[in-house]
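Novice: Residue numbers (numbering that gives the first Met the number 0), protein chains in the order written: chain U, 0 to 123; chain F, 0 to 746.
Errors might be hidden in some of the hints.
What the hints assert, rightly or not - Straight-line distance between alpha carbons at most 20 Å, and here's what the computed EDC-like set of lysine to aspartate or glutamate pairs gives:
| no. | chain 1 | residue 1 | chain 2 | residue 2 |
| --- | --- | --- | --- | --- |
| 1 | F | Lys643 | U | Glu99 |
| 2 | F | Lys693 | U | Asp53 |
| 3 | F | Lys547 | F | Glu28 |
| 4 | U | Lys39 | F | Asp129 |
To be clear, the hints were calculated from the coordinates, so they are not data collected in a lab. In this text, all values refer to a predicted model and were calculated from it rather than measured experimentally.
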Amino acid sequence: MKKYILTLLIAVIGITAFAQKSKSETVVIQTNGVCETCKKTFTENVPFFKGVTDFKYDVATAKMTVTYNPQKTTVAEIRQGVSKLGYNADDVKADPKAREKLPACCKTEKKSGCSPGCSHGHKH
Amino acid sequence: MKKILLLQIALFTAPLLFAQQTLTGTIWEYTDSEEQKPLAGATLQWLGTQSGTNTDLEGKYSLEKVSATNKLIVSYPAYQNDTITVEKDRTILDVFMSSPSMLDAVVVIARRSGAYVSVKPILTTVITTDGLRKAACCNLSESFDNTVAVDVEYADAVSGAKQISMLGLAGVYSQILLENTPYIRLLSNQFGLGFVPGTWMESISISKGIASVTNGYEAITGQINVEYKKPETNTEKLFLNLYGSTSGKGEFNLNSRFNVKENVSTMFLLHTEGQFAKLDMNHDNFRDLPQNYQVNAMNRWDYTVPGKFEGRTMVAYLWEDRIGGTMDYTPGKEFFSDSTWGLNIKTNKLDVITKNGFLLKGHHESIGTILSFNFHDNKSIFGHRTYDAQQLSGYANVLYSNRLGKKERSKITAGASFQIDHLKDHLYGDPREYIYTSPTERMEIVPGVFAEYSYSIDEKLVVMPGIRFDYNSLYDELFWTPRLHIKWMPFKNTSLRLSGGKGYRTSNVIVENTSLLISNREFRFLEDLTPEIAYNTGISLVQSFMMKGGKSSLSLDYYYTGFENQTVVDVDRDPHYVYIANLDGKSNSHSVQAELIMLPFKRFEVVVAYRYNRVWQTNTSGEYASKALMSPHKAVLNLNYSTKFDKWKFNATLQYNSSMRLPDTKDNPVEFRLGSQSPDYFILNAQVTKKFRKLEVYVGGENLLNYKQKNPILSANEPYSEYFDASIIYAPIHGAMGYVGMRWTLK
Numbered sequence: 000m001k002k003y004i005l006t007l008l009i010a011v012i013g014i015t016a017f018a019q020k021s022k023s024e025t026v027v028i029q030t031n032g033v034c035e036t037c038k039k040t041f042t043e044n045v046p047f048f049k050g051v052t053d054f055k056y057d058v059a060t061a062k063m064t065v066t067y068n069p070q071k072t073t074v075a076e077i078r079q080g081v082s083k084l085g086y087n088a089d090d091v092k093a094d095p096k097a098r099e100k101l102p103a104c105c106k107t108e109k110k111s112g113c114s115p116g117c118s119h120g121h122k123h
Numbered sequence: 000m001k002k003i004l005l006l007q008i009a010l011f012t013a014p015l016l017f018a019q020q021t022l023t024g025t026i027w028e029y030t031d032s033e034e035q036k037p038l039a040g041a042t043l044q045w046l047g048t049q050s051g052t053n054t055d056l057e058g059k060y061s062l063e064k065v066s067a068t069n070k071l072i073v074s075y076p077a078y079q080n081d082t083i084t085v086e087k088d089r090t091i092l093d094v095f096m097s098s099p100s101m102l103d104a105v106v107v108i109a110r111r112s113g114a115y116v117s118v119k120p121i122l123t124t125v126i127t128t129d130g131l132r133k134a135a136c137c138n139l140s141e142s143f144d145n146t147v148a149v150d151v152e153y154a155d156a157v158s159g160a161k162q163i164s165m166l167g168l169a170g171v172y173s174q175i176l177l178e179n180t181p182y183i184r185l186l187s188n189q190f191g192l193g194f195v196p197g198t199w200m201e202s203i204s205i206s207k208g209i210a211s212v213t214n215g216y217e218a219i220t221g222q223i224n225v226e227y228k229k230p231e232t233n234t235e236k237l238f239l240n241l242y243g244s245t246s247g248k249g250e251f252n253l254n255s256r257f258n259v260k261e262n263v264s265t266m267f268l269l270h271t272e273g274q275f276a277k278l279d280m281n282h283d284n285f286r287d288l289p290q291n292y293q294v295n296a297m298n299r300w301d302y303t304v305p306g307k308f309e310g311r312t313m314v315a316y317l318w319e320d321r322i323g324g325t326m327d328y329t330p331g332k333e334f335f336s337d338s339t340w341g342l343n344i345k346t347n348k349l350d351v352i353t354k355n356g357f358l359l360k361g362h363h364e365s366i367g368t369i370l371s372f373n374f375h376d377n378k379s380i381f382g383h384r385t386y387d388a389q390q391l392s393g394y395a396n397v398l399y400s401n402r403l404g405k406k407e408r409s410k411i412t413a414g415a416s417f418q419i420d421h422l423k424d425h426l427y428g429d430p431r432e433y434i435y436t437s438p439t440e441r442m443e444i445v446p447g448v449f450a451e452y453s454y455s456i457d458e459k460l461v462v463m464p465g466i467r468f469d470y471n472s473l474y475d476e477l478f479w480t481p482r483l484h485i486k487w488m489p490f491k492n493t494s495l496r497l498s499g500g501k502g503y504r505t506s507n508v509i510v511e512n513t514s515l516l517i518s519n520r521e522f523r524f525l526e527d528l529t530p531e532i533a534y535n536t537g538i539s540l541v542q543s544f545m546m547k548g549g550k551s552s553l554s555l556d557y558y559y560t561g562f563e564n565q566t567v568v569d570v571d572r573d574p575h576y577v578y579i580a581n582l583d584g585k586s587n588s589h590s591v592q593a594e595l596i597m598l599p600f601k602r603f604e605v606v607v608a609y610r611y612n613r614v615w616q617t618n619t620s621g622e623y624a625s626k627a628l629m630s631p632h633k634a635v636l637n638l639n640y641s642t643k644f645d646k647w648k649f650n651a652t653l654q655y656n657s658s659m660r661l662p663d664t665k666d667n668p669v670e671f672r673l674g675s676q677s678p679d680y681f682i683l684n685a686q687v688t689k690k691f692r693k694l695e696v697y698v699g700g701e702n703l704l705n706y707k708q709k710n711p712i713l714s715a716n717e718p719y720s721e722y723f724d725a726s727i728i729y730a731p732i733h734g735a736m737g738y739v740g741m742r743w744t745l746k
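Put together the whole structure using the sequences plus the hints.
Specialist: See below:
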């Protein structure tokens, strides 16, 4: 019994150590996503861009803080990725096709356009 | 939207009515650092109402949902107020409040934990999608690996059927519901857990002890409710899953949803699986697992008229072909050789379930209807015995719910139900020579009425008595079923629950014991069977506390079940027979469980659980003895860790099963005897999941310690000798197994 528990614990500790990240840089990117829905889209996608290790998004300022490994990606590539999601990223304009597909509330850049239903609802 | 809230509660969660009306969670301060800080004294208030509460010192709150609105205002001095829309099914809501400088930045997160104890008046554990994915394979029977509340065992060494038990008693004494509709019953008892695909499930709720009266007089030891993915709330345009294992099993799953028009949506779900390989790792000439092919398809529709009507309809069809027995057996071919033994089970099953809810005047009054129709056809071969069975069932349940008086305090749910089962079955052939017996046909009609009242004081105390009266046509008897549930929260994080009540059941001996057909035991009915009658009482304590990684909990419970009458299926009296009779003496079960769920740091969860069962019964020889094939002690250690954004997930579960009593085989010749006790053993399962944007890939292993039962089949070389028996199973038959799979989601 003890042996098994110990093995499991060692496995978990090993995994934790393994998860520690190496060299990284951080960039703040100005976007135009103002809803919780936008935030959700970002959270489901940006952390999975190649080389991205951490991500935070502030809906109020529409700014995202991205930590990445400079050996695997560049800020330009990250901005390009955000653009493909349908949002502006600093001076890179949103991909128009992707933006067209966004829910109505995410296309607005005004906070007032953020109806509460939008953050959970479907695109009917 | 506002109106739908109550309707949903009344219709889709009717048996757990009060449960869904409480929202609990923690209000946190949103900081950039890893450390979370709970906000004490934050105010929560339903928009436009006087109904609200404050968080305690640990930032926790518990707030009754109101029918008037689903908009919740969260405020804290010097912080920006926030209005959150609370989805109708949500009972747990954690809110992150941003510091005064960051306006509008409220983050709503669902609870991370894969399983948690809910706030319902009936002790209920909910397994979420996250929890379900810890054991990636394959269906409902594999979903209980991380809990000790439900035991899952192979029923025999040949058919691959898995059976559950709760509180040490067979699964038939609990009730398995699909979205609050009785689902795994009668003929589906045998393989039903395998008919519920893992990828279709959204969540599973496990309630221990006697259930609410709204779903019938059964559910004595517990209730398991499975929720499938719903077109209305699901976000997967397309979901694909592929799975393959080293035991030669493959799976393909697909689901897809569409909006047909506003307020009408539909979803298609498909599950196909095959156990293609023919394996005999223990060289006993029997397949370790049956070859098995299954196709299961469903189409479901959700439709609403906002504020007036809401409905859900599903149609599902299942086909399965299962081939087991000796390696040289080919289905369809007659076999006369002394060493060939075949199992072939062909299943066709059709289910139609429709649930519709109507909101009456005012927001508090509603009517919900549940209608279900099931057709199930089984054609089975067990060696030289043949068992054919066909079931046609219809079920209707109408629930009316309203509050009494002006306050939310008193509520009543009342209604009427109707169950009709037509079961034709035919067991013929003798295990050793051919004997023809005539088929049996049975019609059971059960109309009933019920009422459940609930009185709650600020969610601190909930008292919920219920009663139902049913007429059973089979016995021409009137059953009355009183039940009571009480929940008391003496302190904010402490819940104490009490439950007690009566239950009944009609036993279906052959269907519920098909594993015994995989032996050369003969069935001997000693008398006409009368309804089973049992009482169940229980007490439980749940203490939640805060750890660095989140809300953690300790739960302790004790349940007692006593039978007034039971169908005794006696395998101890003689190894060549099964004796079946009504209980003449005592039969009871005591069950104690302790479970600790800890989140010691972020994204790390540890579950430690232990349960003890003591189950004794007077057998047909008049001896009062412990139940065979039930392990008294069971313990589980479950560790889960995930990296940021769940990019990597690691899950491991270690399960301990103590030694159990085996059915008496001491009258057999020495080579066909098993000891009186089985050895104890450990089971280790582990899985690693890697998440990409749309793709998840997982690799795992089951039974990694490779523990197998030695000699699972007595007299395997001579399956027609009187000693042949494959029904005495206490451990896995196949050893370590690895698997790999992927999920792809398009939102």
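Novice: Of all the hints given earlier, name the ones this structure violates by number, lowest first.
Specialist: 1
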